[in-house]
Amino acid sequence: MIEPMKNFATLEEDIINCHKCKRLINHCKSVSTEKVKRYQNDIYWARPVPGFGDQNAELIIIGLAPGMHGANRTGRMFTGDSSGDWLFKAMYETGFANQSNSDHSNDGLHLVNAFICSTAHCAPPQNKLKSEEINNCSSFLTAYLDLLNRKKVIICLGGVAHKNYCKIFKIKNFPFAHLNIFDHANVQLIASYHPSKYNTQTKRLKWDAWLEVFHLARKIID
Numbered sequence: 001m002i003e004p005m006k007n008f009a010t011l012e013e014d015i016i017n018c019h020k021c022k023r024l025i026n027h028c029k030s031v032s033t034e035k036v037k038r039y040q041n042d043i044y045w046a047r048p049v050p051g052f053g054d055q056n057a058e059l060i061i062i063g064l065a066p067g068m069h070g071a072n073r074t075g076r077m078f079t080g081d082s083s084g085d086w087l088f089k090a091m092y093e094t095g096f097a098n099q100s101n102s103d104h105s106n107d108g109l110h111l112v113n114a115f116i117c118s119t120a121h122c123a124p125p126q127n128k129l130k131s132e133e134i135n136n137c138s139s140f141l142t143a144y145l146d147l148l149n150r151k152k153v154i155i156c157l158g159g160v161a162h163k164n165y166c167k168i169f170k171i172k173n174f175p176f177a178h179l180n181i182f183d184h185a186n187v188q189l190i191a192s193y194h195p196s197k198y199n200t201q202t203k204r205l206k207w208d209a210w211l212e213v214f215h216l217a218r219k220i221i222d
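For the sequence shown, my numbering gives the first residue as 1, with consecutive numbering after it.
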């Protein structure tokens, strides 16, 4: 376990400098050298990616992990890939972001009353995390949630994020299903499918059902 964090800057520094999961660290570096053709000229971040957003946020979004050629490349969660396209378009339409695109870390994006963190902070091979890797990162997640003390709504994106959150906080009666909602310690938890390319292309997650997640969060906060 890491020591309790004093502020966001300290937490971010500890995340970026973490080397607990050798498999993930090595994978992040490997992806940055064995680049896909469309990003041949990009310099990859290739390190653990911290959360970002409004530090006084009432909405917290918990993702899975950085994308190999998204956040692992750009250094900002949900930035530079199709999952981010879906996420920020929905956040913009519901007033949680100042723009609908997230292309690179200096593109002018600002979150409004929202903060994004993740189950793990390194991009995993085949987008699959091992249990010990999730456990290694859980203290970072709890540190973020402690610092974000104005939270009213938490959205868990995908079954892994949902399961991990329930494990950390010993919640046993909140099954995962899209748009399931649960009241825990005066915070409304919303379960949602992750806007991964697989989920969106197969229509497992359709746009209207995705947007409803953020309309629900907005209704609770307002």
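Honestly, I wouldn't trust all of these hints.
Think about it this way: if two alpha-carbon atoms lie no more than 25 Å apart in a straight line, the pair counts; the simulated DSS-like pairs of lysine-lysine are [claimed, not checked]: (1) K20 <-> K206; (2) K167 <-> K128; (3) K152 <-> K203; (4) K151 <-> K203; (5) K152 <-> K219; (6) K128 <-> K219; (7) K128 <-> K172; (8) K22 <-> K130; (9) K22 <-> K89; (10) K128 <-> K151; (11) K37 <-> K170; (12) K130 <-> K167; (13) K29 <-> K130; (14) K151 <-> K167; (15) K206 <-> K219; (16) K219 <-> K89; (17) K151 <-> K130; (18) K152 <-> K163; (19) K163 <-> K206; (20) K35 <-> K172; (21) K163 <-> K22; (22) K22 <-> K128; (23) K29 <-> K206.
Hints listed in this document are in silico derivations from the structure and should not be mistaken for laboratory results.
Quick caveat, the model's predicted, so the values are computed rather than measured.
* Decide if the proposed pair is consistent with the structure: K22 and K128, CA atoms, cutoff 25 Å inclusive. => holds, 15 Å
* Can the restraint linking K29 and K206 be considered satisfied, given a maximum Cα separation of 25 Å? -> violated, 34 Å
* Asked: K152 and K203: Cα distance at most 25 Å?
  -> violated, 29 Å
* **Restraint status (C-alpha distance of K152 to K163 at most 25 Å)** => holds, 19 Å
* Asked: Has the given pair, K20 with K206, been kept, meaning a C-alpha gap of at most 25 Å?
  -> Violated. K20 to K206 sits at ~37 Å, over the 25 Å cutoff.
* Asked: Is the straight-line distance between the alpha-carbon of K167 and that of K128 25 Å or less?
  -> holds, 18 Å
* Asked: Is K22 close enough to K130, meaning Cα to Cα at most 25 Å?
  -> The given pair, whose Cα atoms are some 12 Å apart, holds under the 25 Å limit.
* Asked: Given the hint that K37 pairs with K170, does the C-alpha gap stay at or below 25 Å?
  -> violated, 44 Å
* Restraint status (C-alpha distance of K128 to K219 at most 25 Å) -> Judged against 25 Å, a Cα distance of about 33 Å means the pair is violated.
* Hinted pair K163 and K206, Cα distance within 25 Å -> Roughly 22 Å between the alpha carbons, so the hint for K163 and K206 holds.
* To do: Measure nothing beyond the straight line between the CA atoms of K151 and K130; if it is 25 Å or shorter, mark the hint as holding.
  => violated, 28 Å
* Going straight from one Cα to the other, do K22 and K89 come out at no more than 25 Å? -> Distance of about 34 Å is beyond 25 Å: violated.
Hints 1, 3, 4, 6, 9, 10, 11, 17, 20 and 23 from the list above are not met by this structure, while the remaining hints are.
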